[in-house]
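Novice: The lines below spell out each chain.
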Amino acid sequence: MKALIALLLAGTAITPAAAQDLGAPQGREAPVEVIDSGSDDAEIRITDEAAWSDIGIAIPAFATDRERPTPANEAGTGALGREIARVITANLRNNGLFKPVGPDSLPQPAFAAVRAPSYGTWSGQGAEMLVQGYVTARDDGRLVVGCYLYDVQLQQQLVREGWVVAAGDWRRAAHKCSDLIFSRLTGESPFFDSRIAYIAETGPKDRRVKRLAVMDSDGANHRFLTLGSATALTPRYSPDYSKILYLSYVDGNPRIYVYDIGTGKQTLVTENKSPTLAPRWSPDGKFILYSMAVGGNTDIYRIPATGGTAIKLTDNPGIDVGGSYSPDGTKIVFESDRSGSQQCYVMDADGRNQKRISFFGGRCATPEWSPRGDQIAFTRIAGDFNVAVMNTGGGGMRVLTRGWQDEAPTWAPNGRIIQFFRTEKNTGRSGIWQVDLTGQNERRLPTPVDASDPAWGPIRP
Amino acid sequence: MNTKLATVLLLASATGLAACSKKPPVVTPPPPLTTTTTVPTTGPAQPGGPSVGTQAHFAQAVGSSTTIYFDTDRYNIDSQDAAALQAQAQYFARYPQLTFTIEGHADERGTREYNIALGERRANAAKAYLVSLGVDGGRISVVSYGKERPIALASNEAAWAQNRRAASIIIN
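Read top to bottom, the protein sequences are chains A and B.
Under our numbering, the residues of the first sequence are numbered 1 to 461, in order.
Under our numbering, the residues of the second sequence are numbered 1 to 172, in order.
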């Protein structure tokens with residue numbers, strides 16, 4: 001509402017459809033670490049993305065009502081508008097969606113044309129869809145970003161939305177706009193406005209330095225959270241992005257810590273002298289799953305996120321490890337070698353009814369339940385390591401990647417894309433890759449250094 | 001060339017058995033049991049040699065037996081492992097003041113979390129065997145590094161065989 005009023009006072013003609021306030025940037029000033037010590041057997045339906053990828057979308061620079069300096073861009077709001085259009089173009093292009101054409105090869109619409117596009121110009125450019133928008137700086141330093149999607153052939157507005165963001169969060173507005181376009185044109189849920197926690201790797205293979213790091217879904221806003229003096233592994237963002245669970249060797253043993261992003265404080269997930277590993281959140285963030293090795297035997301436990309008594313969910317002489325909740329929180333898929341080799345099992349959230357689901361040859365490791373609930377992604381070990389998916393009953397297995405060692409899938413918030421890490425033979429160098437459910441669109445994510453153990457968080461609140 | 005060779009030979013003989021047999025077995029396993037009897041468990045370290053309480057002293061005393069090796073995904077103590085652990089047990093019986101850590105490791109051809117659990121299993125299997133030989137369990141701590149600390153860096157069977165290990169490390 002405030003954004004709306006501000007715009008009217010400023011006398012601008014444009015009223016954002018719904019200028020949603022995205023709040024203050026989260027945890028940007030947080031210090032770096034200081035420590036002293038479902039649907040059973042549902043048929044898989046894969047939408048063919050070829051139809052979408054042929055859609056030509058023109059994304060000219062976002063216009064501004066008047067050029068103003070902003071902390072988001074030294075050159076002012078006009079230059080920022082161009083940057084926003086570039087981010088949207090890269091989002092759509094890098095994910096194999098549509099045929100976007102960005103602001104650097106397009107004419108720039110005037111501010112007044114944002115709501116009244118000159119369709120003739122754009123159909124002449126061969127565009128089927130047109131994304132226009134604006135960016136204005138408010139007196140309080142925050143930005144208002146409007147996003148409009150037009151069908152050039154029908155000469156019709158399809159959808160529009162606006163957001164109020166802190167200057168430091170301008171990329172979120174670009175991701176929200178990308179999500180708006182993606183969802184409107186595909187009917188799928190959004191995924192761009194999300195973050196990824198992962199492990200940044202440097203150094204030689206036998207003395208690898210592994211640091212906890214975070215970034216936006218497109219690799220921007222990268223930050224290291226730990227210094228690298230202790231090996232960090234297997235992070236998981238809490239559903240509200242306020243915390244990260246991860247494994248650290250900071251006290252010499254593998255133990256799970258809860259890292260509070262706002263304060264930089266870390267606490268042990270459980271006070272126990274036995275090593276803990278493989279941390280996971282429940283979908284509502286109220287529970288934490290962890291695995292603990294007692295006398296060499298690893299089982300899976302559940303503990304309230306606020307602390308309290310842990311419940312042992314598996315009790316088996318085999319290695320039971322990991323665990324991933326179904327989105328409704330009623331079931332958990334996990335891996336166990338109780339049959340003699342790593343295989344995937346499903347149990348109720350209280351540990352009852354443990355049942356093996358993988359029977360397709362090879363091994364099944366690191367299962368992750370899709371946020372849509374209909375599929376489970378996992379590491380398939382059959383000679384090489386590859387990322388594969390199956391339905392929740394273990395049927396319909398499909399291998400999506402062909403690397404030498406592709407490991408540890410994590411789902412995009414909309415369950416359409418899977419990230420994983422790929423390790424090179426001999427050098428041991430690793431990078432984060434992603435693949436869509438068709439297996440057709442695979443690409444490496446840009447990271448400042450080598451990367452592993454990606455964990456994709458949900459759509460940001 | 002000749003002087004270099006001579007120096008190498010001198011060094012080799014000075015550090016004795018340990019240096020020669022330090023390299024973990026890749027294809028040829030260490031000789032079982034007979035190793036135990038030839039281990040220099042009597043007599044102090046040579047003057048100027050490593051002192052008791054160091055890893056070097058331990059390694060000089062038991063040779064390659066500081067570390068045991070496992071088959072893929074296995075953690076059982078086979079006869080070669082048993083011989084090595086017997087050599088370790090004799091050493092730790094001779095120096096009851098020493099405490100040590102058993103580090104469990106896995107090769108890179110496993111998923112990360114499973115490998116940490118597997119390393120735990122291996123280190124604990126070695127510990128249990130030493131305890132069965134009379135070593136006080138309170139002297140032994142275990143830690144698993146999973147696939148995080150390879151000792152052989154190639155990606156082939158020979159390297160993986162060297163990395164699937166439980167290594168006993170003296171705590172100072």
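Keep in mind that a hint or two might mislead.
[What the hints assert, rightly or not] Residues of chain B clear of chain A, computed beta-carbon distances all greater than 12 Å:
id : residue
1  : ALA83
2  : GLN97
3  : ILE170
[To be verified] To spell it out: a stretch of chain B is covered by chain A in this simulated footprint if at least three of its residues, at any positions, have a beta carbon under 8 Å from a beta carbon of chain A; those stretches are:
id : region
4  : 61 to 68
5  : 113 to 119
No wet-lab data here; the hints were simulated from the structure.
We treat Cβ as the ideally placed atom computed from N, Cα and C, and that holds for glycine.
Novice: All hints are to be evaluated individually against the structure, with a verdict given for each.
Specialist: Tested hints:
no.: 1; hint: ALA83; result: holds, 21 Å
no.: 2; hint: GLN97; result: holds, 21 Å
no.: 3; hint: ILE170; result: holds, 15 Å
no.: 4; hint: 61 to 68; result: violated (count 0)
no.: 5; hint: 113 to 119; result: holds (count 5)
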